[in-house]
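Engineer: Sequence:
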Amino acid sequence: MAAMAGNRSFEDLVAEAVAVSTEGWDFSWFEGRATEARPSWGYARSAGERLAGAQAALDIQTGGGEVLDFMLSVAEPARPALVAATEGWSPNVARATALLRPRGVVVVAAPDDEPLPFADQAFDLVLSRHPVLPYWDEIARVLRPGGRYFAQHVGPASVFELVEYFLGPQTEEVRDARDPGRERADAEAAGLEVAVLRAERLRMEFHDIAAVVHFLRKVVWMVPGFTVEAYEPQLRALHERIVREGPFVAHSTRHLFDARKTAG
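Using UniProt numbering, the first residue of the sequence shown is number 1, and each one after it goes up by one.
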């Protein structure tokens with residue numbers, strides 16, 4: 001793949017990456033030009049199996065709805081009578097609504113850092129794949145006693161080989177954000193009993209500079225304010241490195257939460 005990148009100019013690759021839509025959480029564009037190992041627990045399928053046993057379910061920060069759409073396919077025909085989803089970014093709200101409304105899902109525009117727009121104890125299952133920050137008090141509030149929170153979170157220092165290539169060494173405080181032990185303590189303080197907490201570190205490879213550019217445009221919190229213009233010297237140097245040495249290797253971190261709301 002490095003040879004393939006070498007046959008195309010930096011300008012050509014970057015132009016292709018900039019032209020690609022960043023809406024939704026469909027990562028199929030990366031096929032053949034970037035890889036990421038997946039967690040062993042298979043979150044989307046496991047969540048779909050849990051949907052099959054729920055009565056009312058909520059998916060928080062659903063993105064473009066692609067993951068929830070897959071979960072519903074797994075759950076059919078035993079899906080819950082009520083399924084709702086929230087999303088805070090308006091282009092994704094439109095995308096998720098178009099995808100999920102025909103499946104009977106209520107998609108609600110809701111900022112990630114504000115209270116959830118649902119009544120107390122409205123759901124017996126709350127799901128989330130890669131929430132920006134888990135709002136534990138609100139998750140606990142909308143869960144019924146005995147209800148479950150089942151989610152896959154991004155872990156600490158995820159893809160920091162790439163982050164630090166552009167931003168330089170990060171402080172320990174920044175590197176330790178999203179620590180699963182701290183999140184466990186916060187979940188328990190909100191009234192959730194954590195039954196399962198598993199963490200894994202997973203290899204990623206970027207095979208050309210277009211994959212790097214598209215990734216940073218799509219996952220905007222990695223390098224805040226990223227633009228090709230602002231980081232052109234670093235991008236050019238990285239392009240030359242990939243052509244010369246092969247894929248840029250990084251590691252993502254993920255952890256799985258399975259928590260139950262206590263009956264108190």
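Please keep in mind that the hints were generated in silico from the structure rather than gathered at the bench. Watch out, some of these pointers could steer you wrong.
To be verified - What follows is a list of derived Cβ distance ranges for each label pair:
hint: 1; residue 1: A37; residue 2: F70; range: 15 to 25 Å
hint: 2; residue 1: R236; residue 2: R38; range: 53 to 63 Å
hint: 3; residue 1: D112; residue 2: T262; range: 44 to 54 Å
hint: 4; residue 1: A94; residue 2: S73; range: 34 to 44 Å
hint: 5; residue 1: W41; residue 2: A237; range: 35 to 45 Å
hint: 6; residue 1: G225; residue 2: H130; range: 34 to 44 Å
hint: 7; residue 1: W41; residue 2: R175; range: 21 to 31 Å
hint: 8; residue 1: R103; residue 2: A237; range: 37 to 47 Å
hint: 9; residue 1: G104; residue 2: S9; range: 28 to 38 Å
hint: 10; residue 1: Q170; residue 2: T227; range: 14 to 24 Å
hint: 11; residue 1: F70; residue 2: V108; range: 13 to 23 Å
We put the CB at the ideal spot given by N, CA and C, even for glycine.
Engineer: Now tell me, hint by hint, if it's right for this structure.
Structural biologist: To see whether the hints hold, each was checked on the structure:
Look at A37 against F70: about 19 Å separates their beta carbons, and that is inside 15 to 25 Å. R236 and R38 have their C-beta atoms about 31 Å apart, which leaves the hinted 53 to 63 Å range violated. Taking 44 to 54 Å as the suggested C-beta distance range, the pair D112 and T262 does not conform, at roughly 25 Å. The hinted range of 34 to 44 Å is not satisfied by A94 and S73, whose Cβ atoms lie roughly 22 Å apart.
A C-beta distance of roughly 37 Å is found between W41 and A237, which places it inside the suggested range of 35 to 45 Å. A C-beta distance of roughly 21 Å is found between G225 and H130, which places it outside the suggested range of 34 to 44 Å. Take W41 and R175: their Cβ atoms lie about 24 Å apart, and the range 21 to 31 Å holds. Checked against the hint of 37 to 47 Å, the pair R103 and A237 passes, with Cβ atoms roughly 46 Å apart.
With their beta carbons about 48 Å apart, G104 and S9 fall outside the hinted range of 28 to 38 Å. The hint said 14 to 24 Å for the Cβ distance between Q170 and T227, and at roughly 20 Å that hint holds. The supplied range of 13 to 23 Å is met by F70 and V108, whose beta-carbon atoms lie about 20 Å from each other.
The structure is inconsistent with the numbered hints 2, 3, 4, 6, 9, although it conforms to all the rest.
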